[in-house]
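We have chain A; now place chain B onto it with these hints.
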Amino acid sequence: MELLRFTTAGSVDDGKSTLIGRLMYDTKTIFEDQLEAVVTSSKKRGDENVNLALLTDGLRAEREQGITIDVAYRYFATPKRKFIIADTPGHIQYTRNMVTGASTANLAIILIDARKGIVEQTCRHSFIASLLRIQHVVLAVNKMDLVDYSEARFDEIVSAYKEFASRLQIPQMTFIPMSALNGDNVVEKSANMPWYQGAPLLYHLETVYVGSDANHVDARLPVQWVIRPQSNEWHDFRGFAGRIAGGVFKPGDDVMVLPSGFTSKIKGIHTADGELEEAFHPQSVAITLEDEIDISRGDMIVKPNNQPNVSQDIEAMICWFSEKQKLNPGGHYILQHTSREVKAKVTAVRYKVNVNTLHKIEDDLEIGLNEIGRVAFRTSAPLFHDSYRRNRITGSFVLVDPFTNNTVAAGMIR
Amino acid sequence: MSHSYNLNHLDHLESEAIYVLREVAAQFQNPVLLFSGGKDSICVAHLAKKAFWPARPPFPFMHVDTGHNFPETIAYRDEFIANIGARLVVASVQDSIDKGRVVEEKGPNASRNALQTVTLLDAISENGFDCALGGARRDEEKARAKERFFSHRDDFGQWDPKNQRPELWNIFNGRMSPGEHFRVFPLSNWTEMDVWQYIKKENIPLPSLYFAHDREVVARQGTLLAVTDFVTVAEDEKAETRRVRFRTVGDATCTGAVESDADSLDAVIAEVAAARQTERGTRADDKRSETAMEDRKRQGYF
Numbered sequence: 456m457e458l459l460r461f462t463t464a465g466s467v468d469d470g471k472s473t474l475i476g477r478l479m480y481d482t483k484t485i486f487e488d489q490l491e492a493v494v495t496s497s498k499k500r501g502d503e504n505v506n507l508a509l510l511t512d513g514l515r516a517e518r519e520q521g522i523t524i525d526v527a528y529r530y531f532a533t534p535k536r537k538f539i540i541a542d543t544p545g546h547i548q549y550t551r552n553m554v555t556g557a558s559t560a561n562l563a564i565i566l567i568d569a570r571k572g573i574v575e576q577t578c579r580h581s582f583i584a585s586l587l588r589i590q591h592v593v594l595a596v597n598k599m600d601l602v603d604y605s606e607a608r609f610d611e612i613v614s615a616y617k618e619f620a621s622r623l624q625i626p627q628m629t630f631i632p633m634s635a636l637n638g639d640n641v642v643e644k645s646a647n648m649p650w651y652q653g654a655p656l657l658y659h660l661e662t663v664y665v666g667s668d669a670n671h672v673d674a675r676l677p678v679q680w681v682i683r684p685q686s687n688e689w690h691d692f693r694g695f696a697g698r699i700a701g702g703v704f705k706p707g708d709d710v711m712v713l714p715s716g717f718t719s720k721i722k723g724i725h726t727a728d729g730e731l732e733e734a735f736h737p738q739s740v741a742i743t744l745e746d747e748i749d750i751s752r753g754d755m756i757v758k759p760n761n762q763p764n765v766s767q768d769i770e771a772m773i774c775w776f777s778e779k780q781k782l783n784p785g786g787h788y789i790l791q792h793t794s795r796e797v798k799a800k801v802t803a804v805r806y807k808v809n810v811n812t813l814h815k816i817e818d819d820l821e822i823g824l825n826e827i828g829r830v831a832f833r834t835s836a837p838l839f840h841d842s843y844r845r846n847r848i849t850g851s852f853v854l855v856d857p858f859t860n861n862t863v864a865a866g867m868i869r
Numbered sequence: 005m006s007h008s009y010n011l012n013h014l015d016h017l018e019s020e021a022i023y024v025l026r027e028v029a030a031q032f033q034n035p036v037l038l039f040s041g042g043k044d045s046i047c048v049a050h051l052a053k054k055a056f057w058p059a060r061p062p063f064p065f066m067h068v069d070t071g072h073n074f075p076e077t078i079a080y081r082d083e084f085i086a087n088i089g090a091r092l093v094v095a096s097v098q099d100s101i102d103k104g105r106v107v108e109e110k111g112p113n114a115s116r117n118a119l120q121t122v123t124l125l126d127a128i129s130e131n132g133f134d135c136a137l138g139g140a141r142r143d144e145e146k147a148r149a150k151e152r153f154f155s156h157r158d159d160f161g162q163w164d165p166k167n168q169r170p171e172l173w174n175i176f177n178g179r180m181s182p183g184e185h186f187r188v189f190p191l192s193n194w195t196e197m198d199v200w201q202y203i204k205k206e207n208i209p210l211p212s213l214y215f216a217h218d219r220e221v222v223a224r225q226g227t228l229l230a231v232t233d234f235v236t237v238a239e240d241e242k243a244e245t246r247r248v249r250f251r252t253v254g255d256a257t258c259t260g261a262v263e264s265d266a267d268s269l270d271a272v273i274a275e276v277a278a279a280r281q282t283e284r285g286t287r288a289d290d291k292r293s294e295t296a297m298e299d300r301k302r303q304g305y306f
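If you read the sequences in order, they're chains A and B.
In case it helps, the working numbering puts the first sequence at residues 456 to 869.
In case it helps, the working numbering puts the second sequence at residues 5 to 306.
The shape of chain A in the complex, shown without the other chains (with noise of 0.2 angstroms):
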C-alpha cells in the first residue's frame, strides 16, 4: 500500500473540517466513540448541527474560541492507499501553519465557496503550494448545493482560476465541483451533477501518480550518524548512517565525500534486515566505503560526476514565523540545513511578497510574522545545496534563533 500526504487549505467557512470528517466518516475511521464524543461537544455547546470540526479541534483554547489554532495531522485508509492529512487552519494569520503543512504534502486540496468564487485565501494558498513545490493541487468546489448544481458557476470559477495560477507553477491541477455536507463527489460520484466527467474527489486521491515527485536523479546522502559497534564481531565496521536525500545508491558506486572531497566506492548498502543493492530516497541506509575516510555528521555523501552546489552564499525564499520578532537585517541565526548546521548572517533583504496578489513589495522590506521573502544569506560553513526545485531537501533549511532556540523561520534556497 502506497503513502500520499496532502495538505487542506480552506477560508473560514468553506466546509474543510465538514470535508475531512466526510472523508472520514465515509472510509469508517471515525470511531463509535469519537462521534459520541463529538455529539455530546456539539449539545453541550448548543451547535445545531453535529459540529464534525470537534473531532479535529481537540485542543482546549480551540474548543473554547470555536478555531483552528495549530496543523493537526489526520489518518485515513482505504484498499488503496494510506493517507496523512495535514489540516491547515484558514485564518489569515496562519500562513505559517500552511507552509508548515505542505512542507511534507504531495497534493494540496484547495477550498472554495462556490457562492463566492475565488478570493484572496485562495490566491495565499496557491502561492505557498506553488512556494512549497506541491506537485499536485485539487481545487474543490464546494458549496455547489448553494448554487444549484450549476454547470456555468463551476467553468467559470474554473477559468479564472486557471487565469490566476498561469502565474504559478503547479505542475498538476484538478478541478472538482462538490458538496462536502452532502456527499457529493467526495466518496460517491454525484447524481446531482451529471455534467461533471472527472472522478470523485476520494478515487483522484487514490490514484493520482506520485511516484515521480521525488529526486532519484541526483544522488545525496546526508550523514546523521557514524555506526561503530564496539564488538568484535564488528570490530572494522563504520557505518555511515542517513536517510537518502535523492538519487540512488548501489554497491561498487564512486562517491565524494563532502566537504572533504576525499573519493572512495560504496562496499556494502547496510540495514538491519540485511545488504541492499540499491538505496534511494526516502530509505534510511547505513553505508560503508571501501577506503578509510574521515566522515561525520553534517557531511554529504554524493558522486563525484553530480555534485551539489557549495557555497557560503545562500539566496532563499523565507516565510517568517516568529510573532516576537521581526526578521533582523545583519542578523546571525542558526540554520539547520539537512544534518549541517552553521552560524548565518543575513546580509540583504531583496523583496518582499503580497502573498494575496503576488505583488513584489520593494519600499517595506521588514519580514514579520507570516510574511514571506527573498532573503540573502552569508553562512559560517559551506552548505551543500540544491535549488528547492531540484530537491525538496537538500534545498530547504529551518533559521533558529540562538537566543531563544525557537524555529523563526523557513527557507527554500534558489
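Worth flagging that the hints you see were computed from the coordinates, not collected in a lab.
Every value quoted in this text rests on a predicted model; they were computed, and no experiment measured them.
Ideal Cβ placement from N, Cα and C applies to all residues, glycine included.
Among the hints, a few may not be true.
A partial selection of chain A residues facing chain B, derived with a Cβ cut-off under 10 angstroms [to be verified]: (1) I682; (2) D728; (3) A741; (4) V863.
Far from chain A, some chain B residues (derived; all Cβ distances over 10 angstroms) [what the hints assert, rightly or not]: (5) A79; (6) E108; (7) P211.
Here is chain B on its own, set in the frame of chain A:
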C-alpha cells in the same frame, strides 16, 4: 528492467522512524527510551535496535513502574530488553509515594496513572536525561494530533500546545536551555493498524495480554477492568470470568479489556480493522474530561 522507486507505507514509516531515532542520538547528550511493555513502546524499541544495527542503541531504556503491573508485562520487559542488549532504568511510583513526592489517590477508581508524571519528571531530572523517546501516536487522541515529532518541555516538564515550534520537512530543532527537555515520538505518523501490521511483518513477540484469554473482570463505567490485587470489587459489582484481550497495556487500574476471541496476530488485525471504538476507548483515564489528555500532557505526562 523498469522499476519504480516506491516504498510501501510500512517501509516508509519505518524509514521515517529510524531517521528520527538517529536524529535523537545525534542531537541530544543523554536521551532515554521510555519503555512500558505496551505494543507501541515495543515497536519503538525494535526500531531503535534496527536504527543503530549492528551497534546497540546508544541510550538506555526506562520503565516508569506504577507497581500496578500485570505480571506478564514485567517478565516480557526483562526478556525483551536483555535480548536487545540495552540498559534498563526503573523509575518507581512506589518510591515517589514512599518519599512523599506524591499522595496516592483514594476511592474505588483510584489510579496511579496521574502519579506517574511526577515519577517520570523526577527520573528525567535525577538522571540528567535531555530527551525522552516515547511511542505516542497522533491518531490516538485529539490533543496528540497536534503534537510534534520533537516536542519541547520547559523546565517544569510542561507542554505548551499553543506555542509549539513549527516543524517542516524533515528538519528537527532540538535546541534547548539547561533544565528543559524534549519528548520525541518516532511513531507520530503511525496508526494503530500500522503498528499491528508492522508487528506482524517484523514478527515481533508481544506480551500475552494482547491476545484473547480467560480472565476475571469487573464491568465499571463501560470498561472491563481486570480483577487484580489493585482493583477491588465493590459490593454492588460482580466479578466474572470472560474471554478478553487488551488493546493497550498500561496501569492495571485503568486499562480496560475488550471481549474478544482474537488469539493470534491475524485475528487481532482483523478485529482492529472491524473495530468501531478507538483503542483508547478502553482507557478510563481519558474519560475523566473532554480535554483529559491535553491537561495531563501539559503537566508532563507521556
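Here is what the structure says about each hint:
1. For I682 of chain A, the interface hint holds, the least distance from its beta-carbon to any beta-carbon of chain B being 5 angstroms, beneath 10 angstroms.
2. Among the interface hints, the one on D728 of chain A holds; its C-beta lies about 8 angstroms from the nearest C-beta in chain B, closer than the 10 angstroms criterion.
3. Nearest Cβ of chain B to the Cβ of A741 of chain A: about 8 angstroms, under the 10 angstroms cut. The hint holds.
4. Proximity of V863 of chain A to chain B holds as hinted, the smallest CB-CB distance being about 9 angstroms (cut-off 10 angstroms).
5. With a cut of 10 angstroms on Cβ distances, A79 of chain B stays outside the contact zone with chain A, its closest approach being about 25 angstroms.
6. Residue placement check: E108 of chain B keeps its beta carbon more than 10 angstroms from all beta carbons of chain A (closest about 27 angstroms).
7. Its beta-carbon lying about 23 angstroms from the closest one in chain A, P211 of chain B satisfies the requirement of being farther than 10 angstroms from that chain.
In this structure, none of the earlier numbered hints is contradicted; all agree with it.
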